[in-house]
Every structure is written in structure tokens, then in C-alpha cells.
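Visitor: Knowing the structure of chain A, use the given hints to seat chain B on it.
2 protein chains.
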Amino acid sequence: MSDKGSVQRGTLYVFSAPSGCGKGTVLKEVRKASSRLVFSVSATTRQPRPGEVDGVDYHFVTKESFNELVRTGGMLEYAIFVDNYYGTPKDRVMSALDSGSDVILEIETAGAMMVKALYPEAVLIFMLPPSVEELKTRLIKRGTDSLEVIDKRVSQAMREISLACNYDYVFVNDRLDEAVQDMLSIMKAARLGVRQNKDLIKGVLKRC
Amino acid sequence: MSDKGSVQRGTLYVFSAPSGCGKGTVLKEVRKASSRLVFSVSATTRQPRPGEVDGVDYHFVTKESFNELVRTGGMLEYAIFVDNYYGTPKDRVMSALDSGSDVILEIETAGAMMVKALYPEAVLIFMLPPSVEELKTRLIKRGTDSLEVIDKRVSQAMREISLACNYDYVFVNDRLDEAVQDMLSIMKAARLGVRQNKDLIKGVLKRC
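Line order of the protein sequences matches chains A and B.
Numbered per UniProt numbering, the first sequence spans residues 1 to 208.
Numbered per UniProt numbering, the second sequence spans residues 1 to 208.
The set of hints was computed from the structure by calculation and includes no laboratory data.
One thing to keep in mind: the hints can contain errors.
For chains that are exact copies, the list does not tell them apart, and a pair is met inside one copy or across any two.
[As the list claims (entries may be wrong)] List of simulated lysine-lysine pairs, BS3-like, C-alpha gap at most 30 Å: (1) Lys-28 <-> Lys-202; (2) Lys-23 <-> Lys-206; (3) Lys-32 <-> Lys-152; (4) Lys-63 <-> Lys-141; (5) Lys-141 <-> Lys-198; (6) Lys-116 <-> Lys-188; (7) Lys-90 <-> Lys-28.
Isolated chain A, as found in the complex (with noise of 0.2 Å):
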């Protein structure tokens, strides 16, 4: 970085794959392997199940405030189900975004779509499985759902898929290792992409 004076604004990934696609294993690798990268909390209405930590798992938070993040603008994405709500509060992702460190949200593909209409310079990225096929093999041998939630699943991840025209890059989950080696190249990269360096480019020409 030749701007020494001055902090590099981070970059915003949000990164989506349908489940059963190997997400946890790809993003824990990922983890290891940048240390300036944060992981967004997201804010929850639901009730915090055994185990679960306020503010490492999730916000806890009421239906109200929720609503009155939503309502003021304070959520950068979010998706009401129909007992409990999910959301990014924008705050906490701005601010880390503003001290340098990157901030990675692992949203579906409604969030993303919202993300990028109210942060465009976020870049989205999509873990694809190898095959729908697969992905249906992959959720039968994991032997946790019944054949009919399987069938909903793959349903919902083929509608996931194909929203992947609109992310910014893709990849496949075929072996574990490429696939991290993949998502860690697309993120140094975007790093590179010009929407994020127009002041580098206006600092090179002024000092001269």
C-alpha cells in the first residue's frame, strides 16, 4: 500500500452457497488464512438455543428494536420468516469497514441482492456445488433430513442458483483445498478491483 498516511477503507464480501454445499468447512479454512478478515454477527429475534453466546452467535434482540432498525434504515439487510426475523445491523459492519478490516456477511441470496442495491461496492461471491446431483448425494449420505426435506432443499438451492448471474464471482466446491485456494484469490483480488481503488489511482497522480 503506497498511501501510508492513511487508512484502506476494508472491502465488504458476501458470500452465499446453497446448504448441503460445504459453506462452514470453505469459510473456517478461509478464516485461518486472513487475519484482518471479520465475520459480520447478524441480529436475531429468536430465542438463543443452549450454547449459543449474545453477540458471538447472534444479536439477540426483541421484535421491536428489530423493527426499529429496519424502520430507521439501521439494517443492511434482513429476512423475516415466519416466526423470526434475521438481519445485518449496518452499524456494526460500516465501522469495521471504516478502521481497515474487511467484513465477510454469509447471507442467502435475497440478503445479498439487498446488500448490493444499498452498498454496491460490496462484492458477492457464490459457492456452487459441482452438480445439483451431487449436492442431493451429498444431503443423502449426510443422513440428517428425511427424503422430503431433501427435496425441498435441493428445490430451494436450485433457486438459489440461479441467482448466481448476479454475485461478482463464482466457484465450485469440488475439493476443499481449491475451493479455499479459489475464494482466497477472489478476495485479494477484489481488493484490486478498480470500483475500490479510484482514490489510489487520484493519489498516484497528486504526488508528483
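Guide: For chain B alone, kept in the frame of chain A given last:
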């Protein structure tokens, strides 16, 4: 790559940097690290210099055949100087991309804009000096040009840098090893750009 049945089309990279920025050194290292990368050979109407080999350093062509290529849309980009013409014949680049090779064009900003217009999937990469002042210092240290020529080069560099915002990626050549890593990460990530992978997404959805 999950779509093993078909050859994935290669990626076209356009690489520009002001004179004196260390472009040759960076490209030499990049060439070592990437086996499937083809360096495009330009066509020129100038006479070969001693030691230059036709088809290796340049394709040496007549003004008539150069003009014929331009007239028939056979040049991906070209530049006409007072005495000599330089250009990138389209057919060689396209057949390399078709066969799955990645191709890199080392050209000036004006040519880069022509490529982007004709082939929007191209990935445009601009390498910046740490500062214009530093660039001038490097040119002075090199000791091959008069101060008048150096001033001309610096003005030209500033004109080029001000066009860097039309590229896809920018990075600074401050330390060679970091610059090479930046370039390699950009090239890896660029292959994962969504523009390049619309067919991949379709393929994942289909095979189920």
C-alpha cells in the same frame, strides 16, 4: 472444473503500465508461474531490428496487409504512429482462447479501450507506480534518457494513469514479489468472474 466434457474458453487479459513501471520484470515472473498463459505477438509495419525474429518478437507485415486487416475487422486493437503501425491480429487470439488458453495482451491504454469495446469479456489490468514522483526517479536512475525525454515520459504516464479507472483491476508495483502475487491473484480470480462463468452456472443447474 466440473464441466469435464467441454473445454472452458480461455480468458483474455489486457495488461498496461506506464513506461518505467517494471512491466517486463513482472510479466517475466508471471510467465514462469502460469503454464496455460499465451503472450500475444503484435503485428507491426516497422523493419525488424537485428536479432528480432518474425512471429516471436513481432509479426512483421507490410502496410498494405496491415491496412487490409484493419479494414476487414481483423485487428482486435491497433495504434498508428507517424511512421509505424502496431496491432493485435484477432484470429490468433481468438483461436488460442477457443482452445482453452488464456491470452495476455501487453498494450497501451488506447488499445485496451478498443479491446474492451470489441471483446467485453476481456479483463483489464493496470499496474501503477507507487507515485509519479517515484516513476520519475526510476527513469532518472535508469540513465538512458535525457531529462527532456523523461519529462515527456512522465506526462505520458500521467495521461495513461488517469485512464486506469476504466480498467477492471489496478495494483501498485512497489515490491516485485507482492506485485507478482497481486497479478496472479487477479488472473486466478478473473477466471472466476461471473461474466466468464454463466455457462458453468447453467451446467450446474442442468445436470440433475
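Visitor: Now tell me if each hint is right for this structure.
Guide: Against the structure, the hints come out as follows:
no. : hint                : verdict
1   : Lys-28 <-> Lys-202  : between (37 Å within a copy, 28 Å between copies)
2   : Lys-23 <-> Lys-206  : between (43 Å within a copy, 22 Å between copies)
3   : Lys-32 <-> Lys-152  : neither (33 Å within a copy, 48 Å between copies)
4   : Lys-63 <-> Lys-141  : neither (37 Å within a copy, 66 Å between copies)
5   : Lys-141 <-> Lys-198 : between (48 Å within a copy, 29 Å between copies)
6   : Lys-116 <-> Lys-188 : both (19 Å within a copy, 23 Å between copies)
7   : Lys-90 <-> Lys-28   : within (24 Å within a copy, 44 Å between copies)
Violated hints, listed in ascending order, are 3 and 4; each of the other numbered hints is respected by the structure.
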